[in-house]
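Throw the hints in and build the complete structure from the sequences for me.
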Amino acid sequence: MSRHRSLRIGKSSFLIDTKATAIITGLTIGMVLLMIISLGIGQLQVWPIDVVKAVFGAGTDIQNLTVQQFRAPRIVLSVFAGAALAMSGAILQGIIRNPLASPDIIGITSGAALATVGFLTVFSDRGNALTVSIHWMPLASLIGAIVMGILVYSLAITRNGVQPLKLVLIGIGLAAALEAITTMLMLLGPIFTAARANIWLTGSVNGTNWSEIQTIVPWVLGLTLILFLLTPRLNIQELGDELAKNAGAFVQRDRLILLFVSTALAGGAVAFAGGISFVGLMAPHMARRLVGSAFGSLIPTAALIGGIIVLIADLVARTAFAPLEVPVGVFTALIGAPYFIYLLFKSKK
Amino acid sequence: MLSKPFSKIIGIVFGLLSVMVLLWASVIYGLTYITTSDVIDSFVRFDESNQHYIIQDTRIPRALIAAAVGSSLAIAGAIMQGLTKNPLASPSIFGINAGASFFVVIGVTFFGITSITGFTWLAFLGAALAAVVVYSLGSVGSEGLTPVKLTLAGAAIAALFSSLTQGMLTLNERSLDQVLFWLAGAVQGRDLDLLVSVLPYLIVGWVASLFMGKKMNVLMMGEDVAAGLGQNTILVKLSGAVIIVLLAGGAVAIAGPIGFIGIIIPHIARWLVGYDYRWVIPYSAVLGAMLLLMADIGARYLIMPQEVPIGVMTAFIGAPFFIYIARRGINE
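Which chain is which? The protein sequence lines are A and B, in order. Per the numbering used here, the very first residue in the first sequence carries number 606; after that it's consecutive. Per the numbering used here, the very first residue in the second sequence carries number 807; after that it's consecutive.
If the Cβ cut is set under 8 Å, some of the chain B residues that face chain A in the computed set are:
1. A965
2. L966
3. S969
4. T976
5. L982
6. P1115
7. A1121
8. A1125
The list that follows gives simulated cross-link-like pairs (lysine to aspartate or glutamate, DMTMM-like), each with its CA atoms no further than 25 Å apart:
9. K955/B to E847/A
10. K1043/B to D1030/B
11. K955/B to E843/A
12. K955/B to D846/A
13. K1043/B to E1029/B
14. K814/B to D1082/B
15. K955/B to E1029/B
16. K891/B to D1082/B
17. K1020/B to D1082/B
The set of hints was computed from the structure by calculation and includes no laboratory data. Where a beta carbon is used, it is the ideal one built from N, C-alpha and C, also for glycine.
Laid out in structure tokens, this is it:
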């Protein structure tokens, strides 16, 4: 069986990568099964069959409530946040052409963190109560992420356009500065704010509700659609500036658009789930090993893997030390750092 | 800038005088106004007034700590930049601060350690561990130790340590309260005892660093050349690493993670005296003390009557500088 098959619809034809299609299908099934298992595990154990029933409202009242209201939102958020971070990382690794780039490394997460902590500080009154609705917080985080993305990008511009490596270095430097300011805000504010900010900073999907899901899902889906339209340009970016220019691409302009999509994806994820680290780094790598580096198959694969990583991390985070809830970001960092070490070792030939 | 040995000596004398002036200014200026005669009085005839207490317990310790921490971080940065040939190398970028913070928070959370000596040893341990991990991570791979890999490894390890630190803090709010202030990096409210307990390590680091200059000059010509000239390059790097851990670890133990000093100062020192590390290291020491003293004085006035943590002040000064260096290119 050849690796590719062509699919013709009217005048347009697509080359379908059969191996990648099989892998993507497999990952999708795996993710759904994992979601069912995760929906069932917790203080109230629900068998997988009963989980499916409860999802459709056919379980007992307590099962329906637990599955639909308490567990389903955080599980959906895990999947979407993980997928968004993974796609964001895949784009960044493509345009920066450095396998170690990720939204948290170039400082997008730190921008969101500062905006979030700033929001909590500015809008808290003396009694530690928020003066505006907490629902505005994700907007603040998103703005922080995008402003940071723009800032890093514009500071990285030199005479020769944007050099990918400078983008990373400037991201690291700015992130260090923003983290200092974030700590100061936490310090000056009441301890209550600090504790709340700290949970966000580490990354947590605890306490998600359906109204948050209604915001993040369209955001991620919309950006995913745009990303698919941009896939050919992303493939060209990986050739390097000279080759890409010779291939007729507007390298700098495409880079700016792609960077914006990447930032918006990561920003959306951290706005709702906080600073979950290393997912944007790990997922694209694992995907590349499975389906190769053409972005058409890489992006969906990475997205699924990202979702699965956060799902597993959340499952462990809420069950391992029950009744204590460890923020999910601690576990992604615990898997992510050794993976990073492995990646550095792997480059040894 | 300063090319002749004579002008370099003049420069360092002038720098030392500036440190003296800044130490004096650090004691004098602040929310409570104090005059020089008050300072003298507080030693000659201590009258248990508020002013005298502030001088003895707050202002003087903080001035001395700022000077010691500033010069230690700057020397550590200079040696790191030399040994790794990375102009962005510094304790904070390489995750040494994050490693130290991580260990301190482990100590507070799991072992209930609250003593100064406990903090100090934990910070040392964490700094050393992070330095070893980042350095070895930066060295693996086909092309060996490259500046960029080292920076990336540092950023990743820092990210790991800080997420674990934050994770522990979310589980235990009481330790958050105790540690948050330390985590921001500060020289105020630190006891003189703290400095005294760490001082022996710092002094060993300072003195040893002065002997590193010549060896680093040789190493800067390239490892092959250095080995050809009969230098034991491994030993030089190892002693450099020990000095970095002593100085960066000691500084973090006293004042918490203060960033950017280690990056900025060596650049200014090299701009002043060129690439001769026999001069770069002492100049870094003097300039580091000056910068941190100035930052600390500034930190008192920015949002009076509250104070900006000094780590934030140095970040304000340091980030633009860092970006300037990154824009200019890491390999030049």
